[in-house]
Structures are given as C-alpha cells and as structure tokens.
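Protein sequence lines correspond, in order, to chains A and G.
Everything in the first sequence is counted per the numbering used here, starting at 1 for the first residue and increasing by one.
Everything in the second sequence is counted per the numbering used here, starting at 1 for the first residue and increasing by one.
In short, the hints are calculated from the structure, not lab data.
This structure is a prediction, so every number in the text was calculated from the model and none was measured.
We treat Cβ as the ideally placed atom computed from N, Cα and C, and that holds for glycine.
Some hints could be false.
As the list claims (entries may be wrong) - Here are the simulated distance ranges between beta carbons:
1) A:V15 x G:N103: 44 to 52 Å
2) G:N103 x A:G22: 36 to 44 Å
3) G:S113 x A:A98: 39 to 47 Å
Said to hold, decoys possible - A partial selection of chain A residues facing chain G, derived with a Cβ cut-off under 7 Å:
4) A21
5) T40
6) V83
7) A104
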Amino acid sequence: MDAINSITNANAEAVLFYLFAGMAAVSALLLVLSRNIVRTAVCLLFTLMGVAGLYFLLHAEFIAAVQLVVYAGGTLILIIFGVMLTSKSPFSKFQPSAAEVAIALSVGTVLLGSLILALHSFPFPTAEADVQGKYPLVSLGQALLGDYLIPFEIASVLLLVVMIGAAYLAKGRRHEEENFKFHRTPASKTMREWT
Amino acid sequence: MQSMLAMTVTTIGLHHYLVLGAFLFVCGLMTMLLKRNAIGILMGVELVLNAANVNLVSFNYFSYAGKAGAPALNGQIFAIFVIVLAAAEAAVALAIFLNFYNNFTTIDVERASNLKG
Numbered sequence: 001m002d003a004i005n006s007i008t009n010a011n012a013e014a015v016l017f018y019l020f021a022g023m024a025a026v027s028a029l030l031l032v033l034s035r036n037i038v039r040t041a042v043c044l045l046f047t048l049m050g051v052a053g054l055y056f057l058l059h060a061e062f063i064a065a066v067q068l069v070v071y072a073g074g075t076l077i078l079i080i081f082g083v084m085l086t087s088k089s090p091f092s093k094f095q096p097s098a099a100e101v102a103i104a105l106s107v108g109t110v111l112l113g114s115l116i117l118a119l120h121s122f123p124f125p126t127a128e129a130d131v132q133g134k135y136p137l138v139s140l141g142q143a144l145l146g147d148y149l150i151p152f153e154i155a156s157v158l159l160l161v162v163m164i165g166a167a168y169l170a171k172g173r174r175h176e177e178e179n180f181k182f183h184r185t186p187a188s189k190t191m192r193e194w195t
Numbered sequence: 001m002q003s004m005l006a007m008t009v010t011t012i013g014l015h016h017y018l019v020l021g022a023f024l025f026v027c028g029l030m031t032m033l034l035k036r037n038a039i040g041i042l043m044g045v046e047l048v049l050n051a052a053n054v055n056l057v058s059f060n061y062f063s064y065a066g067k068a069g070a071p072a073l074n075g076q077i078f079a080i081f082v083i084v085l086a087a088a089e090a091a092v093a094l095a096i097f098l099n100f101y102n103n104f105t106t107i108d109v110e111r112a113s114n115l116k117g
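Could you put together the complete structure from these sequences and hints?
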C-alpha cells in the first residue's frame, strides 16, 4: 500500500513537473521568437508562473508566493507600463539582421549543449533536504532576521536608494526638453525658470 | 536500460531542474542578443535571473542537507535576495529607458550611439 502510494505520488510529481516545466520552457522559447513586445511580456508572465509552480514542487512555498506577488504582480506590471509609455517609436523596425540571428543561434546551441553535457557528466550529491521536519516559513523568517540580518538591511537601504534614484531619473529634464524643443529658449534660461 | 530510462523520466531529480535552468538561461541570453527593443532586453535579463533562481532553489532542495537539526534554507534566502535585486534593477532600468525615450523618441538600442567614436 505504501509502495503504491509512493509510486503514484512520484508519478503525480513527475506529471506536475513536466506541466510546469513545459509551460515555462515553451513560453520562454516564444519569448525569444516573438517580435511583438506586448506578446513578449505575456510570454514572460507565463514563464514566471511556470517557475512559481516549480517552486511549489520544490517545497519552497514562500518563494513561490513571492515569485507570484513580486515578479508576476510587480515587476511585470512595471515592464508593461514601460512598454505602454514607450510604444510610439517611429524610427525603429526592431528586426535583427540575419547575421545576428546566426550568431545568436550558434551561441545558444553551443552553450545549451555544453551546459547539458556538463550537467550529465558531473555527479551531484543528492541529500534531500529536511523540509518536512519544521515548518520552513518560521525558520525562513528566523534566518532572514538572524544569520542574514546584514544583507537584509542592506537590501532595504538599496530599495530606498533605488526608489529615489528611479524617481529622479524618470522625472529627468522632461520639462526643460519640451521648452527647449517647442519655444527655442536657451537651456540656461529654462533651468532658471524651473528651479 | 529501458527501466533506467523510465526511471529518469518518471523520477524527477536534480538534473531535470538543472536542465530546465540551463534552457531558461540560454533563452534569456538569446533574448538579450536578438531584441532591439530595450525593454525586450530587460525581459531577457529577468529570464536569466529566473534561471539562476531555479538552480538555487533546486540545489537547496536536493543537495544541501543543512546543519543538524536546522532545515536547509540558504538557497531559498539567496533566491529571495535575487528577486529583490531583480525588482530594483527593473525599476532603475525602466527609469533609464524612459529618459532615453524622452531624449531620442525611440527605444531602439541601436540608435543610442552618441558616444560612438
């Protein structure tokens, strides 16, 4: 009975793995191939969701939730807003030349082949982690505020710096540029007006 | 031989996840090489970071047993930091792209050649 249970569990795990991995891999491939930038963003969304499912299979539930909330909910929305704000590009054709496609394809196939060969020739130790013993979320929080306190705090300072820097960069000199473009006022005068 | 093949197909091990990570990494690299749109390149970077995260979490699960009595979580914590850094990187990169778009009225990276000698 136990043996049958474990076999069906293993099979269900394999089926779920192939489902999520196939979803991630196929949409990653479509991401490379598609020319439309909005379609590319949708492909990235499905890749992220497939990877989140793999995290669930690896018993990393918190990482999966963070992946869905921060990546699929935050970063991807940011990217889509960037696409919308920059969609009007009159001068661009966005088509890579044949030489570029050939170079990228050869680099990709050589790299993928050598990576897979290296993976299969190296004997990795497999000691399955003891995630069942304790509720891992508790120890994750304890580790973040214990052993990893300094990186945690540095990350929070980094986020503050990034927030201020991104706001400054995105605001930029837009008003000055518009004035410069439309009214032909010298830049020094506009600077004085706007400061 | 047949049964070994069946074992490798049905029993999901570390190698499966590592192969998937390698595939996602190569896809991200090719996206960076092929896209002219700066935001497409940013998506390639995100894909590469995700491949690294898959590797970190799967190594954490399969091959790092942790100290005695404590569960193994180092890989998961690294993955959290990678996600935080990816979000920060996306925010700064998008701010730079908006500035670039305001200056050049395009997002094509080929046109950012002002510094070319």
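Original post:
Checked against the structure, which of the hints given earlier come out wrong?
Top reply: Hint check: 3 fails alone, others pass.
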